[in-house]
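K.L.:
Protein chains in written order, with my numbering: chain A, 2 to 233; chain B, 344 to 571.
In short, the hints are calculated from the structure, not lab data. One or more hints might be untrue.
Claimed, not checked - Pair by pair, the computed Cβ-Cβ distance ranges are: (1) 515/B <-> 176/A: 45 to 53 Å; (2) 455/B <-> 121/A: 21 to 29 Å; (3) 434/B <-> 205/A: 31 to 39 Å; (4) 11/A <-> 515/B: 38 to 46 Å; (5) 85/A <-> 502/B: 19 to 27 Å.
Stated by the list, open to error - Some, not all, of what chain A presents toward chain B, calculated at C-beta under 10 Å: (6) 119; (7) 121; (8) 203; (9) 204.
What the hints assert, rightly or not - Which bits of chain B does chain A cover? Going by a derived footprint, with three or more residues having C-beta under 8 Å, they are: (10) 438–445; (11) 493–503.
Virtual Cβ for every residue (Gly too), placed ideally from N, Cα, C.
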Amino acid sequence: MDGISFDIKNRPDFATLEVMLQPGQKILVEPSAMACMSPSIQMKSGVAGGALRSIGRMLAGESFIVNTFSAQDQPGELVLVSGHLGDILHHRLDGIGLRLQRGAFLANGPGVEVSSSWQGAKGFFSGEGLVLLKAQGQGDLFFNSYGAILEIDVKGDYYVDTSYVVAFEETLQYRISTLPGLRGGGFKRLFFSGEGLVCQFTGHGKLWVQTRSATPYLSQIHSYRPVQRNNN
Amino acid sequence: MKHEVLCRPAASIVRFWMETGEQITCEAGSMIAMSQGLTVETTTRTRGGGGVFSGLRRMLAGESFFLNHFTAQQSGQSLLLGPALLGDVLHHPLIAGGLIVQAGSWLASTRDVQLDTSWQGFAKGLLSGESLFWIKCTGIGDLYLSSYGAIYSVDVDGEYVVDTGHIVAFDETLQFELSKASSTWLQSFLGGEGIVCRFRGKGTVYCQSHQFSSLGYMLGPMLRPRRG
């Protein structure tokens, strides 16, 4: 099957995805990601892959609904962006499935199936949710991040701060761990290192990390919130 | 040790390629990712004395001074470091003379750079409402600075005025004094400039294009109040 022709502009800070659809081609997109499009493009909202799969996606931090954009009789253009500043990356799936962090999904072409994958206690301890998104099949996948995305070829062991993982190939195994040197130092050392828990990846495969996380931004803004006083 | 600054300017990070025994010291919490052959050690720098609890207090006040030392146990190790907020990363080779760095802008340095967190060049209890403290970096090595927004450098020859919240770092060779931005205090505060730093002499000042507190004061009132 032919891939979708596309261009990602304004990387890495204000990435926008321009998609050119030929008559009959379609792309599945997360809700509210469409910025503009040609009149020849039609949108249909629905639950991709049935209700069960949609519930799984919802548990993985995505929307229940997925929008399908398709070109009817004429080719057309579609511009997609994520809800926050950051980067967008394209990955062509070819048999090897991908795991995506919560909120990282932007769009996928035909032949790709996006569902969820239960992570159990690993997800709980990483603080990133119990469920990851799973993308499988053959076709185009687009994902986004807060900050820029870097691709890393993992051979052997590799450590990533849990809040910076965007996606990884399913050929990589991971477990929640602490950094070498901080082990056995007790809670105090772990706490003050500021590194807390990390994902330890093993095996061979591709891994994508983001260069910023929204969490520190939130915690800094938090100190500027007005303070509510109880007057009773 | 090789380094490269990537994804400039808003989502900048620095990547190090390290050989056996090489070491990078960085701010706690700034590691994004690393390869397997590195070990980490955490130390604390006390500012005006105090143990773990005053360290904890400083951390909650946004003045954490816990340092992580990453040491390569094998060759060909990589380490990715990045600041917390959107902004740039700058490499400053330290050759002769010290650099005074705003603590929030110090990202990392190599082993032979000494960090003095007790530097009190600015009078204690800066009145500008920003809890800034400063690190005096001396020695020979590499320094990595971060900013909120872009970093630009100003070559001072004579006199130059910078808002205290926009200072990233400056050469030790410069004299400086805190003063009001206008001729009277009333004018300075009405104009929203408060206290500025007046640099004199010859040397470089690194400034940041934005300050986070401005964004904080703008967004804060729009957020739901927190319980006091």
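K.L.:
For every hint, state whether the structure bears it out.
P.N.:
Structure-based check of all given hints:
no.: 1; hint: 515/B <-> 176/A: 45 to 53 Å; result: holds, 47 Å
no.: 2; hint: 455/B <-> 121/A: 21 to 29 Å; result: violated, 46 Å
no.: 3; hint: 434/B <-> 205/A: 31 to 39 Å; result: holds, 32 Å
no.: 4; hint: 11/A <-> 515/B: 38 to 46 Å; result: holds, 40 Å
no.: 5; hint: 85/A <-> 502/B: 19 to 27 Å; result: violated, 42 Å
no.: 6; hint: 119; result: violated, 25 Å
no.: 7; hint: 121; result: violated, 23 Å
no.: 8; hint: 203; result: holds, 9 Å
no.: 9; hint: 204; result: violated, 12 Å
no.: 10; hint: 438–445; result: violated (count 0)
no.: 11; hint: 493–503; result: violated (count 0)
Comparing the model with each numbered hint stated earlier shows that hints 2, 5, 6, 7, 9, 10, 11 do not hold.
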